[in-house]
Structures are given as structure tokens and as C-alpha cells.
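Here's the letter readout for the chains.
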Amino acid sequence: MTDQDGEDRTITAEGMRRTFGAVPAVDGVDLHIPGGRIFGFLGPNGAGKSTLVKILTTILNPTGGKATVAGYDVERQGGKVREAIGVALQDVGLDPLMTARELLVLQSQLFGTSGDEARKTAERLLVTVGLDDVDPKKRAGAYSGGMKRRLDLALALVHDPRILFLDEPTTGLDPASRASIWEEVRRLNEDLGMTIFLTTQYLEEADRLADDIAIINKGRIVAQGTPDELKRQVGDEVVELQFAQCEEAEQAYDALARIAPNRQASGHELRLYFGRAAENVPELVRALDGAGIRLQGLTIEQPTLDDVFLRVTGEALEHEVDEAGDGASGSPAPEAASATANEEVTS
Amino acid sequence: MSDILLLIGRSLKNALRQPATIIPNIAISVFFLFVYNSGLNSVAQLPGFQGTYLGFILPVSIVSAAVGGAGLAGQTLIKDIDNGYFTKLLLTPTRRLAVIWGPMIASAIILTAQVVLVMLLALVMGLKVAAGPGGFLLVVVLAFLWGMAFAGYAAFMALKTKNAAAAQAATFAFFPLIFLSYTFVPKQYVTAGWLKVAATINPTTYVFDAMRSLLNTGWSASSLGVGFAVTFGFATLTGVLALWAARGATKLAS
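Note that the protein sequences, when read in sequence, are chains A and B. Numbered according to this note's numbering, the first sequence spans residues 1 to 347. Numbered according to this note's numbering, the second sequence spans residues 1001 to 1254.
Don't take each hint at face value.
[Said to hold, decoys possible] Computed footprint of chain B on chain A; a stretch qualifies when at least three of its residues, placed anywhere within it, have a C-beta under 8 Å from a C-beta of chain B: (1) 73-85; (2) 89-98; (3) 107-120.
[Unchecked claim] Quick list of in silico lysine-lysine cross-link-like pairs, PhoX-like style, CA-CA up to 25 Å: (4) B:Lys1079 to A:Lys137; (5) A:Lys148 to B:Lys1079; (6) B:Lys1079 to B:Lys1162; (7) A:Lys148 to B:Lys1013; (8) A:Lys80 to A:Lys66; (9) B:Lys1128 to B:Lys1196; (10) A:Lys138 to B:Lys1079; (11) A:Lys120 to A:Lys148; (12) B:Lys1013 to A:Lys137; (13) B:Lys1079 to B:Lys1160; (14) B:Lys1013 to A:Lys120; (15) A:Lys148 to B:Lys1162; (16) B:Lys1013 to B:Lys1162; (17) B:Lys1013 to A:Lys138; (18) B:Lys1128 to B:Lys1187.
Think of the hints as simulated: they come from the structure by calculation, not from any bench. We treat Cβ as the ideally placed atom computed from N, Cα and C, and that holds for glycine.
Isolated chain A, as found in the complex (with noise of 0.2 Å):
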């Protein structure tokens, strides 16, 4: 359970429950992090991923099941867990009043830190979240949502915590700020060994970044294991047809039903799920001509996580955002419009 160093860096979860009135946030997830370890908690908005964060780090109280975070009870040893753990929530949580350096050193000292250290401690994160060239006198309360972002996480690691919880740490950021966190994250676990409890809804980020992945719909936990794992459960390779129209993707949904067990439609597209998919291309495009469908593209690829999710949730995720915009308007895309033939995958 512990590491080479004899710090325990793990998390677990047994029947994690917890309930908002009549209604389950988060209803018997299990976790078993080990410890250094990058672990993307994936899932659509309201699935459960920030109630989950947020009993872990001891701001929640469960309604039943045992957590333990670094080895200690969330419930019980609460102190003990905030000591080893850094947090950025989805919210940033910074007095707008302040600057950042008198933020980094405030929360320096409150985790224990005498003033001459708290204030190296700031210069150092100022640099290591690139913060250092901003206007000392700027207060947070004027920072864009990028520069917040990059403060809060700075604040998160000012104790050198075991385990880093990041909730949603790039929704909303452009571009260039998501890869800029997605870098620190990673040197984050590499050079210091540190555990790291991501949740997105960026297929992308969980792809790039975690190690294990945990896809979580309406509360439970409904796939886990590696990005491979997952992938591999849905078919080593993919076809994806293209249709002019909805109503042909769906034609051609039925159609296929033969020959490809494994598919799910989506909009204007089907994806084929195949152990060697070129084998099978000849007869998919006579079935289509027998039926009367045209198709207007046709590629084979490998699968996404996002076939993973469509296969385990019936739904499609978000999709990464665009390459210029504000990074926030990732569209779904509509529930009435995608079918999933789950109950024929065999894995």
C-alpha cells in the first residue's frame, strides 16, 4: 500500500454512496488507486465526478460506504487526509482581494510553514505554474480564467502534497493554458512521484494523461482499466461510415446488423467495431449497395474512448473542444440521435 519511501499514496473506495435528497450524486462507486499512478475519472456533466472529488478530500460527508485517502478514513481522519492531499476543485476558490503571492503565502503558512519559507515557497510556484512575470500588485480578483486556473493549482502544491486531486482542471481554459496544465501534471507525477485523481469530461485529457481511467455515468462506475483496456473492449479497429443523412446512418444501422454486431450510430455516422477490419470492408459496402444506401466516406481507425463510452453509456460524451475558441463549448452530441447496439457487444 505504501511507496518506496514509506508514504502511503493510494486511494480507496468501497460502496462510496451519497445522496442529495431522494437523489443518488454518487451511488457504490469502488475505487483501488495505487499509488503514482495518473488516474482520469471520465464522465458527462453531472455524473457524480465533483461529489466524488469532494467526499475524498473530506469537504463532503458520504451517506454510506469507507473511503481512505493516503491511507487515512476520509470520514474519521479528515485532518490527516487534508495534510497529505493538494486540491483544485473545479470552482477556483481565491480571495479576488489578494495577489497571488500573498495567496501562496497565506496557504503556505496555514499548512504549517514559517513566513521566510512560505514566501520562497510562492516564488518557486509563481514560476512552476508560469505566474512569475504577472504584476506583483495584481489582485486574483482581475487574472483571466487561465491565469486563476494556473494560481489555484499553484496554491493546491504548496506543501508538496502526496496526492493531487484536479477537478475538471481545463474546462474552460484555450488551448495553449490546457497544455500548459496537462504538462505540469505530468511532471508532476513523474519527477515527485505523485498520485494524481483527475476528473474530466475531455475524452482527449484522459487519453493524453491517465494511466488508468474510470468512466462514471448517473453515479456508478460503468467501465475501468487502462485507455488500451478500454479501447480494446469495444474491437482492436474501427470503421466509420459516413452518411449524408441521420435517416441512412440508421437504414444502414439495421442493414449491417449481420455483419457487424459491434456498431453504434451517431448522427450522420456508424462505427463498425471489427478484430481486422479491412477484411470485412468489401462486404460492408455490397451489403449498403443491396440495401439502397449511399455512403459518402468510409475510414478505418483505431478505437477511441469515446467509442468506450458510447458502448457503456448509450450516450456521447463531449467532445474536445475547438482548436481557438474559449474551450467551454464542447456540444454533446444529442442523446435522440445516437443508438448503440450494447446489448450485441461481446468483450
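We have chain A; now place chain B onto it with these hints.
Just chain B now, kept in the frame of chain A:
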């Protein structure tokens, strides 16, 4: 202890960065002092009146400063909750008591500074403190404790309502207490029975009594004893209520 000191320091610094949150309260206290002292000072000519009217009316100005200034604690907490900093503090090993009492003590310190200013102004206006410098100091201590009591109440309301306007309104709801007492004339001149009943059950009366004895008549063990007991009791009650509200508001695990 150091976490409380750190959080008091932070709240003080923030308050000084927003003088607009402090100045109106001082202005109201000074306004009360000038208006009532100049308008009603002939009360001191009544037979049996002890001391000066300035010494009699000064506690009204002080207590109104305490009640008005205490709202700052509630506002600080609500702003912290709104901008997420409250949660950030709860994620540190800082004691919950420090997170709640930091802003409370800071607002009590600020209103104490206001009270000292108003008292210095009264000295300039000719006030002679009957109990001397020690009496002056005790009036300041009483004002601080009374401020703590109201800061606790403001914090309690802030944590319960999580709404800045509601918390501020709740503080102002206590303003009538200042006037449901022997506010402008001593007890012996009040004839309305209902006001006598209200004044007897109103804790503000005992704070006025303690301060007035120090300012106008000298040391009085009974006035001071009752005044401090009422103030301590009230401050303890609201301080505990604020902590209780904090536990509920944050669903703390420990």
C-alpha cells in the same frame, strides 16, 4: 493559534483595501454623537442627572458602531463562500474555528478602532472619563466584546442564509434594540411602562449602564459585573451558534 492570527491578518488587510466598507459606519457613529449631544444636552440640566450628556450619549454612538461594524464578518464569510475561498480554507489543516472566528475577530478589531476614534473625538469635545484611563480602556473592551457578539450573530446568519443582503439585513434588525432602552434619557425620567419592560429585557441596556457608569460616575462593581456578564454571555452564545452553523454549512467530515 497561529492560523487564527493569519486569518485575522488577512481579513484586516482586506478591510483596509476597501475603506468604503468601514467609513459609512464611522460616519453614522459620529453623526449620532454630534446630533444627539447638541440636540438633547439640556437633559443634563434635569435634577438628579449625574455627569455630562456627552458621557451619557457616547455609549449609544459606540454600540451603534459595534452593531453596524459587525456585519463585516458576515459579509467576509459570504464573499469567501461565493468565491470558493471558504472551501479552499477548509481544505487546509486550519481549524474550522479559525476559518469562522478569523473574520469575526477582525471585524471586532476594526469596530474597536472605530470606537476608539469616536471616543477620542468625544475627548476633544470635552469628555472627562469619570473612571479615568482604566475606565476608557474598559469601555473599549466592552465595545470589542459587544462587537464580537454581533460579529458571531452576523457570521451565523451568513452561514445559514449564504446571502449577503439577508445577513446584512439581519444585523440591522438589531438596531431597534439600541432605541428600546434608556437611550436618550436616564431611567428615572422614563414614564412609559412598555419602554421600561423593553429596556429591562434588552441586553443593550446593561451595556449602556456599564459604559455610562465608567464615563459619568466612576467605578461601579454592579454595573460592570452585569454589563460584562451580559456581553460575555451574548458573545459566547453567538460564537457557538456561528461554529454550529459552519458545521452544517460545510458538512464537515471532521
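Going through the hints against the structure:
no. : hint                   : verdict
1   : 73-85                  : holds (count 9)
2   : 89-98                  : holds (count 9)
3   : 107-120                : holds (count 5)
4   : B:Lys1079 to A:Lys137  : holds, 21 Å
5   : A:Lys148 to B:Lys1079  : holds, 17 Å
6   : B:Lys1079 to B:Lys1162 : holds, 9 Å
7   : A:Lys148 to B:Lys1013  : holds, 21 Å
8   : A:Lys80 to A:Lys66     : holds, 16 Å
9   : B:Lys1128 to B:Lys1196 : violated, 29 Å
10  : A:Lys138 to B:Lys1079  : holds, 19 Å
11  : A:Lys120 to A:Lys148   : holds, 20 Å
12  : B:Lys1013 to A:Lys137  : holds, 14 Å
13  : B:Lys1079 to B:Lys1160 : holds, 14 Å
14  : B:Lys1013 to A:Lys120  : holds, 21 Å
15  : A:Lys148 to B:Lys1162  : holds, 24 Å
16  : B:Lys1013 to B:Lys1162 : holds, 23 Å
17  : B:Lys1013 to A:Lys138  : holds, 15 Å
18  : B:Lys1128 to B:Lys1187 : holds, 22 Å
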